[in-house]
Amino acid sequence: MLVTAVLSGLVLGGTYALLAMGLTLQYGIARIMNLAYGETIIAAAFLAYVLFTGSSVNPVLGLLAAVPLGFAFGYFVYGLMMRPLVRRARSRENLEIDSILATFGLLFVLQGVMLVLFGSNYTSYSYLNVGVNVLGTNIAANRLLAFLLAIVLGGGLYLLLTRTLWGTALRAVAVSPGSAPLVGIDVDRAARFAFAIGGALAAAGGVAISMYQTFTATAGVVFTMKALIVVIMGGVGNVLGALLSGLMLGLVETFVATYLDPGLTLAATYLIFLAILLWRPAGLFGRAAR
Amino acid sequence: MKSVQRRHVLRVMAAASALLATGIAPGALAQDRTSVKIGYAISKTGPNAGGAGITTLPNYQLWVKDVNDAGGLELPDGKKLPIEVIEYDDRSTSEELVRAVERLATQDEADFILAPWGTGFNLAAAPLFDRYGYPQLAVSSVTDKAPDFVKRWTKSFWMLGGGHDYAGALAGIIKKAAADGTLNNKVAMVSVADGFGIDLVTAARPAFEAAGIEVVYDKTYPIGTSDFTPMINEAKASGADSFVAFSYPPDTFALTQQSQVADFNPKLLYLGVGTGFPIYGKNNGDNATGIMSLGGIDPANAENAAYRKRHEEVTGQGPDYWGSVITYASLQMLQEAIKRKGLDREAVSAELSTGTFQTVLGETKMEDNQLRTLWWTGQWQNGQFVGIAPADRAGASQPILPRQGWKK
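Read top to bottom, the protein sequences are chains A and B.
Reading the first sequence from the start, the letters are residues 1 to 290 in UniProt numbering.
Reading the second sequence from the start, the letters are residues 1 to 408 in UniProt numbering.
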């Protein structure tokens with residue numbers, strides 16, 4: 001029972017982490033609070049659905065299409081919509097408000113396009129919905145895949161950010177966008193890159209969840225909210241934080257559902273969210289507010 | 001600093017929704033009547049859009065097309081007037097719905113207003129329909145309070161029964177199967193902690209008890225839950241032959257998938273809203289066989305079969321197996337009542353209440369302003385979701401128990 005709970009918790013948490021990592025990059029490094037993040041996830045989910053049902057391309061291959069598209073979309077949105085905002089913003093707070101307003105508009109544009117294209121119906125398909133025996137517990141192969149994807153992407157990004165010069169530059173921009181240019185970092189380019197990678201991660205998450213979760217054109221906000229909780233719990237801009245707090249959230253939910261009551265999962269989620277914010281206001285891995 | 005950001009998010013979102021809440025321009029006033037104005041507010045966006053987009057909206061569109069293709073709504077003098085549609089999106093908020101219905105009644109001066117989607121939304125709109133004297137044909141609402149509502153709002157009609165009807169029918173099926181020795185008398189039950197789930201589970205507990213059925217696992221889960229593994233594992237370990245979930249569509253789909261993964265094979269599997277959606281049959285194919293839920297159809301009813309075919313041709317999607325056909329029938333009743341009584345809303349309401357109508361359901365008649373000839377339980381059999389209870393209703397199919405295990 002315990003092993004089962006741990007494994008299903010980790011796998012559920014993997015989904016949360018996968019969904020949150022892109023947002024933490026966009027919010028932490030590019031300083032754009034992207035309210036249309038969930039819509040990007042849904043758009044990728046629809047892409048996977050169309051590829052799978054239309055031309056029977058399996059979603060794992062669909063990733064190969066969705067991830068570059070997500071990257072391009074993020075790159076494009078940043079260049080077109082966000083850069084003017086960044087240019088005219090007088091302070092970080094200013095940029096945050098502007099970006100919230102702009103992405104709130106983008107949310108409705110994306111949602112509207114998807115409603116026109118796909119209607120408002122529940123969409124789902126079944127792929128890799130078979131049990132895989134892990135330590136005597138049956139885990140759905142599609143969820144396991146999402147978990148592995150989260151670990152690989154999360155771990156890879158963490159190494160990139162901490163071990164490479166390029167990653168160090170990105171982190172420098174996150175820590176102090178004002179001083180980064182002094183050491184020769186092109187802040188605009190770094191932010192644009194971070195935003196685009198965020199878009200690529202959102203797309204990867206969207207394809208992964210489309211394999212096992214039912215979605216509608218208007219369900220994006222649910223994912224944005226969940227991702228926001230994970231991002232804030234983990235510390236804004238911290239990929240490892242998002243990964244770990246996502247896994248933790250999954251574990252807590254599963255343990256509460258197994259040993260207490262499934263009705264208390266939401267309450268438990270917000271309880272640990274509160275506890276972490278009280279204990280570490282900047283999130284698990286966040287630096288103290290400047 | 002972080003808390004400041006969050007407050008910003010909330011404030012900005014509140015301001016933006018207030019901005020977006022202002023509606024669209026009203027229709028022009030018609031001097032000479034050249035059309036009949038039919039208005040409705042429905043959830044085209046937001047969390048309810050998924051349900052409304054399957055059961056209600058396609059039928060409204062199909063009906064308007066059917067009527068206008070035939071030259072329009074026929075009036076008692078034989079004249080035909082085309083339908084002019086006024087449509088609002090309530091964006092899945094009841095405040096917006098109330099505003100839209102008020103606007104339809106006062107500014108747009110709609111001749112008739114069609115009901116919104118959902119139990120709560122029909123209740124929210126009922127006082128307005130009543131105040132402005134519009135008949136309300138509430139289809140997509142399951143409520144045990146309908147007998148009270150028809151007294152309070154005399155022009156309201158409730159057409160999908162109540163939780164007790166569905167729970168009672170299910171208890172009857174389990175009781176009979178347990179008496180035959182097909183199932184043990186134990187049930188594991190989960191329900192969504194929201195309107196539909198609460199109503200149904202509240203009705204199911206006493207119904208099961210009265211039928212001598214032992215509920216060995218009974219938990220609720222919050223709306224939006226995506227992982228049901230813990231509940232499935234508990235239910236599997238509980239020793240119950242029957243698993244009942246009063247669930248919403250995303251939960252229904254997830255429970256189906258996750259039960260397969262967990263190799264959870266209850267002999268009776270009953271799931272909530274979404275089981276009767278066309279996509280459910282399509283996605284699960286043979287594996288759907290034997291799964292039970294609310295609603296159903298009589299597979300031998302030719303009119304219904306023709307309706308299903310036309311629905312798919314016109315709207316591009318199949319109707320569901322529960323509320324869809326009732327929605328269309330309610331519109332046919334309205335159409336026929338207008339033909340008999342004209343555009344006088346008082347007379348049309350009286351006719352709806354007492355008249356007998358030919359619809360896709362066959363001969364249809366309200367009892368105390370409620371439609372009571374319904375399928376309380378259905379089951380997937382041979383690629384169709386057929387009605388199995390009430391068993392004494394003409395056209396009822398025999399339940400298949402125990403259901404087959406998952407095919408991989």
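Hints should not be assumed to be uniformly reliable.
[What the hints assert, rightly or not] List time: in silico SDA-like cross-link candidates among lysine to any residue, alpha-carbon distance up to 20 Å: (1) 407(B) - 283(B); (2) 407(B) - 285(B); (3) 65(B) - 79(B); (4) 365(B) - 351(B); (5) 282(B) - 125(A); (6) 282(B) - 126(A); (7) 407(B) - 125(A); (8) 282(B) - 130(A); (9) 44(B) - 108(A).
Honestly, the hints are just simulated from the structure, not real lab data.
Treat the numbers as computed from the prediction; the structure is a model and nothing was measured.
To see whether the hints hold, each was checked on the structure:
{"no.": "1", "hint": "407(B) - 283(B)", "in the structure": "holds (13 Å)"}
{"no.": "2", "hint": "407(B) - 285(B)", "in the structure": "holds (10 Å)"}
{"no.": "3", "hint": "65(B) - 79(B)", "in the structure": "holds (18 Å)"}
{"no.": "4", "hint": "365(B) - 351(B)", "in the structure": "holds (10 Å)"}
{"no.": "5", "hint": "282(B) - 125(A)", "in the structure": "holds (9 Å)"}
{"no.": "6", "hint": "282(B) - 126(A)", "in the structure": "holds (11 Å)"}
{"no.": "7", "hint": "407(B) - 125(A)", "in the structure": "holds (17 Å)"}
{"no.": "8", "hint": "282(B) - 130(A)", "in the structure": "holds (18 Å)"}
{"no.": "9", "hint": "44(B) - 108(A)", "in the structure": "holds (13 Å)"}
In this structure, every one of the numbered hints holds.
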